[in-house]
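Protein chains: 2
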Amino acid sequence: MRLHNYFRSSASFRVRIALELKGLGYEYIPVHIARGDHKKEPYAALSADTLVPLLEVDGEKLSQSMAIIEYLDEKHPEPALLPPDAVGRAKVRALAQSIACEIHPLNNLRVLKYLVRELKVDEEAKNTWYRHWCREGLEAFERQLEQLPASTYCYGSTPTLADCCLVPQIFNARRFNVNLEGLPRTMAAFDACMALPAFHKAQPSACPDNEA
Amino acid sequence: MRLHNYFRSSASFRVRIALELKGLGYEYIPVHIARGDHKKEPYAALSADTLVPLLEVDGEKLSQSMAIIEYLDEKHPEPALLPPDAVGRAKVRALAQSIACEIHPLNNLRVLKYLVRELKVDEEAKNTWYRHWCREGLEAFERQLEQLPASTYCYGSTPTLADCCLVPQIFNARRFNVNLEGLPRTMAAFDACMALPAFHKAQPSACPDNEA
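If you read the protein sequences in the order shown, they are chains A and B. For the first sequence, position 98 matches number 252 in our numbering, and the numbering has no gaps at all. For the second sequence, position 60 matches number 214 in our numbering, and the numbering has no gaps at all.
Rather than coming from a laboratory, the hints here were simulated on the basis of the structure. This structure is a prediction, so every number in the text was calculated from the model and none was measured. The reader is advised that the hints may include incorrect statements.
Pairs of lysine-lysine residues, derived as DSBU-like cross-links and limited to a Cα-Cα distance of at most 30 angstroms, are as follows [unchecked claim]: (1) B/K193 / B/K280; (2) B/K280 / B/K267; (3) A/K267 / B/K267; (4) A/K229 / B/K355; (5) B/K274 / A/K267; (6) A/K193 / A/K267; (7) B/K229 / B/K215; (8) B/K176 / B/K355; (9) A/K176 / B/K229; (10) B/K355 / A/K193; (11) A/K194 / A/K280; (12) B/K280 / A/K280; (13) A/K194 / A/K215; (14) A/K267 / A/K280; (15) A/K280 / A/K215; (16) B/K355 / A/K274; (17) B/K193 / B/K215; (18) A/K176 / A/K229; (19) A/K280 / B/K194; (20) A/K355 / A/K176; (21) A/K267 / A/K194; (22) B/K215 / B/K355; (23) B/K267 / B/K215; (24) B/K267 / A/K280; (25) A/K274 / B/K267; (26) B/K280 / B/K194; (27) B/K194 / B/K267; (28) A/K267 / B/K280; (29) A/K274 / B/K274; (30) A/K280 / B/K193; (31) A/K229 / A/K355; (32) A/K215 / A/K355; (33) B/K176 / A/K229; (34) A/K280 / A/K176; (35) B/K280 / B/K176; (36) B/K215 / B/K194; (37) B/K274 / A/K280; (38) B/K280 / A/K194; (39) A/K193 / A/K355.
Pulled out of the complex, with its shape left as it was, chain A reads as follows (with noise of 0.2 angstroms):
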């Protein structure tokens, strides 16, 4: 198995999560972002979307890390990373898109440049911006949580595919300094994923790429 990701990329993050509490090794090959190696060869003759991540595995490129996911989740079951019952599911899914398709794709280093070189926002309007959402999309998530039953991770007393998705995006929060006070549910399951190894082994400073 490949995965070609960046120690920053919180949605490849999202996946070493997974391939770690699985317990599933893997190649690391690092593909550097931030100075634009996606958009050139080699990596764009890989990948189509020319994003990361990319799981190169059973003779196929995997695109999409929710997806990618649901398919080690499918491939390798234990331990479960989705709940066994269809509405345990939908909340799970349901959590996990709230960060990935309501915050992270409103903060990702595209956008960010995009808002700096074409619409010409200064520094302390982008980190706004950042916040804004950041902020806006967690209070969403607490609310969520709130309707749930006490758990110890986001839902339930096992990781699932919401903690994947909600410890990059609280790691990227705290890079641009968003409030994280009064999201208590949120913040414990934060908490509780920071005490296992697999998280661990899988944040952005135990990258071979990392650059902190």
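Given chain A's structure and the hints, the job is docking chain B onto it.
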């Protein structure tokens, strides 16, 4: 089943397509997003994330369009909206997420409002923003389709979750005059979908709250 949604919301449109494809009846509850009704009572008390769509079904409130569609597919397996094999599912989910995570989040109403109100972006720059992300995303979508075997719809000979996401995005692209030239596989899948009654019945102009 009660679907809280808005005629012009493309995430709502995705779920309406899935319901129609499966022949499932539902009560249509309009939420006027452009007027901000999703942020006010009574909807704000019902919806944790104050987004549409929200499906009330089996005593549950389900959010996030892709999660809702997967739930419907699990509970009402025919006709299937995901392929029977893990690789096929991964490809279809990745196509769906290419739209739902890479294009649509940048172009929805709250983001366009932020550009205008907070960043003082003018109408032309706002429309350029819209077209940029939509065109770039559809080109990436096309490259993904090119790597797949010939097919009537996005993936295979029946509509899938990927088509549920593609069609509303093309409707939006046309509203904003996005260039749709040079996307042969994408537009062929769109045309194949629009030849089916389910897609027609789900479209904005067929909705009870349509204002067009």
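A quick look at each hint next to the structure:
{"no.": "1", "hint": "B/K193 / B/K280", "in the structure": "holds, 24 angstroms"}
{"no.": "2", "hint": "B/K280 / B/K267", "in the structure": "holds, 9 angstroms"}
{"no.": "3", "hint": "A/K267 / B/K267", "in the structure": "holds, 19 angstroms"}
{"no.": "4", "hint": "A/K229 / B/K355", "in the structure": "violated, 37 angstroms"}
{"no.": "5", "hint": "B/K274 / A/K267", "in the structure": "holds, 18 angstroms"}
{"no.": "6", "hint": "A/K193 / A/K267", "in the structure": "holds, 15 angstroms"}
{"no.": "7", "hint": "B/K229 / B/K215", "in the structure": "holds, 15 angstroms"}
{"no.": "8", "hint": "B/K176 / B/K355", "in the structure": "holds, 12 angstroms"}
{"no.": "9", "hint": "A/K176 / B/K229", "in the structure": "holds, 27 angstroms"}
{"no.": "10", "hint": "B/K355 / A/K193", "in the structure": "violated, 40 angstroms"}
{"no.": "11", "hint": "A/K194 / A/K280", "in the structure": "holds, 27 angstroms"}
{"no.": "12", "hint": "B/K280 / A/K280", "in the structure": "holds, 16 angstroms"}
{"no.": "13", "hint": "A/K194 / A/K215", "in the structure": "holds, 18 angstroms"}
{"no.": "14", "hint": "A/K267 / A/K280", "in the structure": "holds, 9 angstroms"}
{"no.": "15", "hint": "A/K280 / A/K215", "in the structure": "violated, 34 angstroms"}
{"no.": "16", "hint": "B/K355 / A/K274", "in the structure": "violated, 43 angstroms"}
{"no.": "17", "hint": "B/K193 / B/K215", "in the structure": "holds, 17 angstroms"}
{"no.": "18", "hint": "A/K176 / A/K229", "in the structure": "holds, 11 angstroms"}
{"no.": "19", "hint": "A/K280 / B/K194", "in the structure": "holds, 28 angstroms"}
{"no.": "20", "hint": "A/K355 / A/K176", "in the structure": "holds, 12 angstroms"}
{"no.": "21", "hint": "A/K267 / A/K194", "in the structure": "holds, 18 angstroms"}
{"no.": "22", "hint": "B/K215 / B/K355", "in the structure": "holds, 24 angstroms"}
{"no.": "23", "hint": "B/K267 / B/K215", "in the structure": "holds, 28 angstroms"}
{"no.": "24", "hint": "B/K267 / A/K280", "in the structure": "holds, 16 angstroms"}
{"no.": "25", "hint": "A/K274 / B/K267", "in the structure": "holds, 18 angstroms"}
{"no.": "26", "hint": "B/K280 / B/K194", "in the structure": "holds, 27 angstroms"}
{"no.": "27", "hint": "B/K194 / B/K267", "in the structure": "holds, 18 angstroms"}
{"no.": "28", "hint": "A/K267 / B/K280", "in the structure": "holds, 16 angstroms"}
{"no.": "29", "hint": "A/K274 / B/K274", "in the structure": "holds, 11 angstroms"}
{"no.": "30", "hint": "A/K280 / B/K193", "in the structure": "holds, 25 angstroms"}
{"no.": "31", "hint": "A/K229 / A/K355", "in the structure": "holds, 22 angstroms"}
{"no.": "32", "hint": "A/K215 / A/K355", "in the structure": "holds, 24 angstroms"}
{"no.": "33", "hint": "B/K176 / A/K229", "in the structure": "holds, 27 angstroms"}
{"no.": "34", "hint": "A/K280 / A/K176", "in the structure": "violated, 37 angstroms"}
{"no.": "35", "hint": "B/K280 / B/K176", "in the structure": "violated, 37 angstroms"}
{"no.": "36", "hint": "B/K215 / B/K194", "in the structure": "holds, 18 angstroms"}
{"no.": "37", "hint": "B/K274 / A/K280", "in the structure": "holds, 13 angstroms"}
{"no.": "38", "hint": "B/K280 / A/K194", "in the structure": "holds, 28 angstroms"}
{"no.": "39", "hint": "A/K193 / A/K355", "in the structure": "holds, 28 angstroms"}
Hint violations for this structure: numbers 4, 10, 15, 16, 34 and 35, all remaining hints satisfied.
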